[in-house]
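Undergrad: The task is simple: from the sequences and hints, build the whole structure.
There are 2 protein chains.
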Amino acid sequence: MATEITKVRRHPERGSYDKEVLLDILKNGLVCQVAFQQNTLPFIIPMTYYNDSNYIYIHGSPVARISNTLRDGPTVAISVLELNGLVLAKGLADNSMNYRSAIIFGKPEELITEEEKMSFFKEWIDRLVPGRKESTALPNHDELKNVTVFRVKLDQFSVKIRKGGPSEVRNDPNIWSGVVPLSIRAHDPVFASDPRVPEYVKEFIERKNDEWKMNKKS
Amino acid sequence: MATEITKVRRHPERGSYDKEVLLDILKNGLVCQVAFQQNTLPFIIPMTYYNDSNYIYIHGSPVARISNTLRDGPTVAISVLELNGLVLAKGLADNSMNYRSAIIFGKPEELITEEEKMSFFKEWIDRLVPGRKESTALPNHDELKNVTVFRVKLDQFSVKIRKGGPSEVRNDPNIWSGVVPLSIRAHDPVFASDPRVPEYVKEFIERKNDEWKMNKKS
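Which chain is which? The protein sequence lines are D and X, in order.
Oh and the first sequence: position 200 is 200 in the working numbering, straight run, nothing missing.
Offset between the second sequence (1-based) and the working numbering: plus 218.
By construction, these hints were calculated from the structure, which means they are not laboratory data.
Predicted, not measured: the structure shown is a model, and the values here were computed from it.
For every residue, glycine included, the Cβ atom is placed at its ideal position computed from N, Cα and C.
Treat the hints with caution; some may be incorrect.
[What the hints assert, rightly or not] Here are some chain D residues pointing at chain X (derived, C-beta under 8 Å):
#	residue
1	R132
2	P139
3	R162
4	S183
TA: See below:
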């Protein structure tokens with residue numbers, strides 16, 4: 001539901017508070033941007049994330065600025081952006097981007113036990129690179145101690161989507177307009193310990209490169 | 219120079235306060251994330267941007283939440299992220315991303331005159347899609363009135379870069395490790411007013427698709 005803070009004010013027709021849409025945006029993202037207040041000044045930091053249907057999870061070093069700040073439980077704003085295209089309208093002032101944007105607000109809760117942290121790591125990699133979980137060294141006691149994991153409830157959020165062609169105000173038939181679709185491209189591995197690339201890594205690359213085709217349909 | 223707010227605390231060896239590096243990160247980016255405080259709560263919003271060597275510029279509707287808030291001149295934090303790869307280390311807790319990240323702090327100043335706003339629009343499109351400026355309808359009086367443009371000085375900032383292979387702690391020769399490079403891919407135009415795609419649009423697509431080769435070298 002739209003609250004005062006999550007309300008989409010500009011182009012409200014592009015806004016939504018639908019949890020299914022939120023989860024669909026979060027599903028393919030690789031990074032989020034976490035904004036919070038530090039000593040009365042805004043701070044922002046890009047982080048990887050994982051989410052299930054109830055929470056978004058971020059993790060970092062216990063000595064990092066964000067860990068120290070988030071432990072105090074301030075409200076954070078987390079942005080996940082999927083950039084889908086550059087919209088070139090006939091009028092320069094009507095140019096835009098096609099995108100799906102999710103913004104989540106909430107107070108971070110720290111995961112305390114080693115079991116919770118281990119579970120986070122396993123689920124994170126299982127979603128990101130299915131098949132990798134069985135082929136990596138799981139974190140040991142010290143590694144789990146040396147990581148902080150926070151979760152924020154997927155409760156207060158808003159999503160905003162722009163898709164389709166240019167919104168034309170100008171009519172000049174001599175001016176070209178259109179949309180240049182943009183997507184993430186994954187390339188063949190580098191710095192590999194072994195030139196024989198595991199199947200699950202090949203599948204990750206293929207899946208990433210196919211995501212934009214799904215977006216086109218939506 | 220590193221100040222208390224811009225100081226890179228975690229992995230300081232990855233940090234830099236070099237203006238040339240900042241400008242190089244901003245050069246290819248398409249969107250930034252703007253964080254600010256609204257009624258004691260953090261807010262974050264993705265926006266397109268343009269920058270010259272002194273300022274980063276963002277623009278929006280005068281009725282948008284961000285315009286109303288930024289007009290009061292609060293400090294904002296602006297993040298520009300270039301995602302360059304997924305780093306799969308042997309140890310699950312050592313996974314990382316390759317990236318170049320820039321964070322800029324400052325108080326937004328509003329561009330007031332129509333001349334300033336027109337100049338912003340021309341320079342923005344000229345950098346984004348060289349050749350388009352001569353083939354688009356420039357904003358008229360009403361359009362310039364109906365847009366707010368803010369600039370933030372490139373003065374307080376930090377950049378952070380991770381590149382190269384996995385930082386391995388684990389040694390198991392049976393576990394594969396490596397980096398999956400990621401980049402932005404631009405596709406053939408859709409929703410085009412004319413199937414004959416202008417040369418400058420073809421060049422934009424080609425340039426975007428070649429950027430990752432430059433990153434590989436750096």
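Undergrad: Enumerate the violated hints, using their earlier numbering and listing them in ascending order.
TA: 3
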